[in-house]
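J.: Now for the letters of each chain:
Protein chains: 2
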Amino acid sequence: MTLSNGRRKGMRLAELSERSGVPIPTVKYYLRERLLPPGHRISATQAEYDEGHLRRLRLVRALIQVGRIPVATAREVVAAVADEGLDPHARLGAAVWAIPHGAEPDEDDPATETARRTADALLEQLGWTFGREVGAQSPAYRMVVSGIATMVRLGYPCGTGQLLPYARSAAELGVADLDLVEQYEPGEEQVEAAVALTVLYEPVLLGLRRLAQAEESRRRFG
Amino acid sequence: MTLSNGRRKGMRLAELSERSGVPIPTVKYYLRERLLPPGHRISATQAEYDEGHLRRLRLVRALIQVGRIPVATAREVVAAVADEGLDPHARLGAAVWAIPHGAEPDEDDPATETARRTADALLEQLGWTFGREVGAQSPAYRMVVSGIATMVRLGYPCGTGQLLPYARSAAELGVADLDLVEQYEPGEEQVEAAVALTVLYEPVLLGLRRLAQAEESRRRFG
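Here the protein sequences line up with chains A and B, keeping their order. Going by UniProt numbering, the first residue of the first sequence is number 1, and it counts up by one from there. Going by UniProt numbering, the first residue of the second sequence is number 1, and it counts up by one from there.
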C-alpha cells in the first residue's frame, strides 16, 4: 500500500474507526480477513495506521455494506486495486472487472444468442469499440447480455431501439464517473475511488431513476 | 384480473409454461403461493389460463428472478398492481413503491441529516416538485438519502455538484421508461409493464454504465 500524501502522523485503531465511521470490531475483523494490510507496529501490543489504511477501509466498507459483496470476493477486488503492474486504463478496468456483475448469461438458452446479437448491434451503433473488442471477456458485457436475455425470454421489448436511450444515458454516466475519478491522485488512490464510486453510486442512481419515473408519470398522467 | 384483449382461447398449464419460459413446477409453485390467480376450471382436474395469467406470470418471474424479491413481498407488489381503485398516476406510483428499495436511511446517524439536505437541494435544482411534495414518504427518496448518507459517512464526494449529472441522466431514464410503459394498454397491463420494466432494466443499465466507464477510461487514459 502506497501513501500518496507522504508519511503523516500515524493513527491508532480508535481514530481509524472514528474517521471512517466503521466500528472498531468491524475494523479488527477486516484486518483478520486481510482486507486491510496490518498496521505499522510501534510496540509489542500497539500498531499505527495511515491515510492509505483509511482509504482502503472506506473502499472495503463500500464493497461489503453497499455492494453486498462476499468477503472472499472483496479480497480479490482489493488485490486487483493494489496491482501496480498495469497501465492506468488496464488497472482501472481490472479493478472494476473484479466487482461482481450479477447473473451470468445462460449459454444453453436461445434467448442468450438473441441478446448477444442485440448487444453487439447496440455497441456498434454507439461506436463503443472498446466494448466490442473486449466482447465476451468483459463481465459488464455479460451483465448486459444476461439482462437483455431475461427480457427476451419473458417477452418484454428490448431491441436496440428500446435500449438506445438507456445506453446514451449510460454514456453520460460514464463521463460523470470518470470526472469524479480524475479528482483523485493517479495510481492506487484513483483506482480505489473508481471502484468505490462505481458501487456507491448504484443505489443513488437507481433511486433517482424511480424518482424521475414518478415525476414523469405525474407530468403525463397526473 | 382483467383481460384487456377480450376472451381468447384458454391455455393449458404446459402452454403457459412454454410461452413464459417458466418451468411447470415453478408455475405451480406461484399458483400455490397466490402470486398467480387460479385458472378457470374446465373440469374436475383441469384448468385453463388466459393472457392475463401470462402477463402476471412474466411480472412475477421478473420480480423474483431478477429483482431477487422475496415471495411475500412479490405478493404485495402484485396486490398493488391489481388495485383498480386509483387513478393511473397513483396506481403506477403505488406499484413501483411496493418494489423493495434497499437499505433504509439510519435516522440516528448525522450523515442522514446531511444527506437529506443534499437530496432536497438537488430536487429543488431539478424542479422535481413531485419528489419534494411526497418527500420522506417516498421509498425512492429514502433510497437516494440512504445512498448519499453512506458516501457522506465514508468521506466520498456527493454534494449537489457531483450528483447533478447523475440526476440529469436519471431524468432521461424516467422519460425512456414512461415511453416504454405508454406502449401498453392503460390499466393493469400498463402497471404490470411499469413494474417489470423498472426491475428488468436495472441490471442492463448498471452493466451499460460499466461498459461506458471502460469506454471513457480508454478515451482518457488508453
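Keep in mind the hints are simulated off the structure, nothing from the lab. For clarity, every value in this text was computed on a predicted model and none was experimentally measured. Mixed in with the good hints, there may be bad ones.
What the hints assert, rightly or not - Computed, partial: chain B to chain A, Cβ under 7 Å:
1) Ile24
2) Ile69
3) Pro70
4) Val71
5) Ala72
6) Ala140
7) Pro165
8) Ala171
9) Gly207
10) Glu215
11) Ser217
The C-beta atom is built at its ideal place from N, Cα and C for all residues, glycine as well.
J.: If a hint holds in the structure, say so; if it doesn't, say that too.
T.: Hints versus structure:
no. : hint   : result
1   : Ile24  : 16 Å, violated
2   : Ile69  : 14 Å, violated
3   : Pro70  : 15 Å, violated
4   : Val71  : 18 Å, violated
5   : Ala72  : 20 Å, violated
6   : Ala140 : 4 Å, holds
7   : Pro165 : 4 Å, holds
8   : Ala171 : 5 Å, holds
9   : Gly207 : 3 Å, holds
10  : Glu215 : 5 Å, holds
11  : Ser217 : 5 Å, holds
Hints 1, 2, 3, 4 and 5 from the list above are not met by this structure, while the remaining hints are.
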